[in-house]
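J.: Given chain A, put chain B in place with the hints provided.
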Amino acid sequence: MALLEIENLVVEFQTSTGMFRAVDGVSLEVHEREVLAIVGESGSGKSVSMLAVMGLLPWTAKVTADTMTFNGRDLLTMPGAERRKIIGKDIAMIFQEPVASLNPCFTVGFQIEETLRIHLGLGRRQRRARAIELLTAVGIPDPAERLSSFPHQMSGGQCQRVMIAMAIACNPKLLIADEPTTALDVTIQKQILDLLVNLQAEHGMGMIMITHNMGVVAETADRVVVQYKGRKMEEADVLTLFENPRSNYTKALLAALPDNATGDRLPTIADYFKDGSEIAGAAVS
Amino acid sequence: MSVVLEAKNIVRDYHVPGGLFSKGSTVHAVKGVSFTVEKGKTLAIVGESGCGKSTLARILTLIDPATSGDLFIQGKKVDISKGDLTKDLRREVQIVFQNPYSSLNPRQKIGDVLGAPLVIHGNVPASERRDRAMAMLKKVGLGEEHYNRYPHMFSGGQRQRIAIARALMLNPSLLVLDEPVSALDLSVQAQVLNLLADLQDEFNLTYVFISHDLSVVRYIADDVMVMYFGEAVEYGTRDEVFSDPKHPYTRTLFAATPRADPNSIRARLARKKAA
Chain A
1 MALLEIENLV VEFQTSTGMF RAVDGVSLEV HEREVLAIVG ESGSGKSVSM LAVMGLLPWT
61 AKVTADTMTF NGRDLLTMPG AERRKIIGKD IAMIFQEPVA SLNPCFTVGF QIEETLRIHL
121 GLGRRQRRAR AIELLTAVGI PDPAERLSSF PHQMSGGQCQ RVMIAMAIAC NPKLLIADEP
181 TTALDVTIQK QILDLLVNLQ AEHGMGMIMI THNMGVVAET ADRVVVQYKG RKMEEADVLT
241 LFENPRSNYT KALLAALPDN ATGDRLPTIA DYFKDGSEIA GAAVS
Chain B
1001 MSVVLEAKNI VRDYHVPGGL FSKGSTVHAV KGVSFTVEKG KTLAIVGESG CGKSTLARIL
1061 TLIDPATSGD LFIQGKKVDI SKGDLTKDLR REVQIVFQNP YSSLNPRQKI GDVLGAPLVI
1121 HGNVPASERR DRAMAMLKKV GLGEEHYNRY PHMFSGGQRQ RIAIARALML NPSLLVLDEP
1181 VSALDLSVQA QVLNLLADLQ DEFNLTYVFI SHDLSVVRYI ADDVMVMYFG EAVEYGTRDE
1241 VFSDPKHPYT RTLFAATPRA DPNSIRARLA RKKAA
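Chains A and B are the protein sequences, given in the same order.
So in our numbering the end of the first sequence lands on 285, straight run, no missing numbers.
So in our numbering the end of the second sequence lands on 1275, straight run, no missing numbers.
Keep in mind that the hints were calculated from the coordinates and are not lab data.
Take these hints with a grain of salt, some might be off.
What the hints assert, rightly or not - Think about it this way: if two alpha-carbon atoms lie no more than 27 Å apart in a straight line, the pair counts; the simulated DSS-like pairs of lysine-lysine are:
#1 A:Lys229 to A:Lys251
#2 A:Lys190 to B:Lys1087
#3 B:Lys1273 to A:Lys190
#4 A:Lys190 to B:Lys1272
#5 B:Lys1087 to B:Lys1076
Pulled out of the complex, with its shape left as it was, chain A reads as follows (with noise of 0.2 Å):
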């Protein structure tokens, strides 16, 4: 049985303009132990699908699909107590920017341990030793003195880290990770996508990786869903995207790579698409 299982997502928001349909008829399963990539440019619906499945999204939104399950549960007409629970606990997600994601307010020590408090009810003792863990786990030098940091303390790839602590500290079996290195040099990325990657490996997790950057998917995942416009374009396992892509839309994201550039010029999206022939109905699943 898939850990997490959509289909038919779709989610709209009301605008003053009528409803506007971010995300389009989206399925997807994540299983244990499995890698899955969400692929798309800004605007393609890949967070918002995501932070449907949190919960996050605000009250102008409004989510249907025809199952929306995790672990067998069904997510959308579980009252919001129950939600709750698994929120933050069985699901956990690392958001975009790692700076702005955390409250300024308060040490990085008292926002880890919040976590511990509200869902596993630890006491103080064993709520700051599991947060010692969890600092060392992610790689933070000093950890015990760093609980007592606040955010704007630390460098972005040290936040990310805290980020990373505070969604595995609960030990869930599904992590979603929005772009968790897109505001990080190089050689940070692959600091934390190895970290990532071992956690996942370590805890047996079942993740899925949003991300723009190809790179990152070729180095992460283990299945591919390419969103475009709100609708998925194509699902295949991460070799088959690279070697074979059924869809036009991903032939056009991977020839626009600097890496594969064969000529003078880079090939785009528009080259793809000279005919104006609807980019929707080149979608293949």
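T.: Just chain B, lined up with the frame of chain A:
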């Protein structure tokens, strides 16, 4: 080939003033960097955040003076701390910033954004400003209908085109590009890189391209300089640097860059299976 830009042993120190209980200190942001860029060529400067590449960009665009060292633009020695900075010199060097969302004034229409350099540099009548702005919009792949719009009506890639258009309004000989594509999506990044290549051919522009993305650098650069903690640890032609990196830091950088070819994916999957 004429040399457009030459830097000799550029040093930039920042002094951090001491407080009541702490002593002041000096940060050596750039520690003696030398290079030359020929007309119509692209020099890429690579390094991680905090390595001094943006400080160097500020020195090259004559925003900040260097603490010591010589800077030559079109063969002329420039030292802005001694008041060498003339309007003509300003015109020669222009910059495109990293984030197109914050480098355009949200209350200025695109036409005014593009006209502003002409207002500052000489008496260009309003009608000619308008014509030249229109022509430039078309050059960077936008249309005349965009003239009266505000920045928020544009996507990131379009905004970066506007920033490039603004930098080109005064026909500069040197364009400093400070991470111009790092905030853009992959497909948009390809369009902007193509645009930069076209403009370089058309106007015989010289680029200093600052980036941390090696795949972009390999695509666009003629020469590459790798900076690490304020020092240029590697400097050579693109092929030299990419085929035979000498400094350990350059090798670390190459090793850290994610590879998107099927062979390395196969290797990774095999490693995973074995573990």
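J.: So, for every hint listed, does it hold in this structure?
T.: Evaluation of the provided hints:
no., hint, in the structure
1, A:Lys229 to A:Lys251, "holds (16 Å)"
2, A:Lys190 to B:Lys1087, "violated (44 Å)"
3, B:Lys1273 to A:Lys190, "holds (20 Å)"
4, A:Lys190 to B:Lys1272, "holds (17 Å)"
5, B:Lys1087 to B:Lys1076, "holds (14 Å)"
Comparing the model with each earlier hint shows a violation of hint 2 alone; every other hint is respected.
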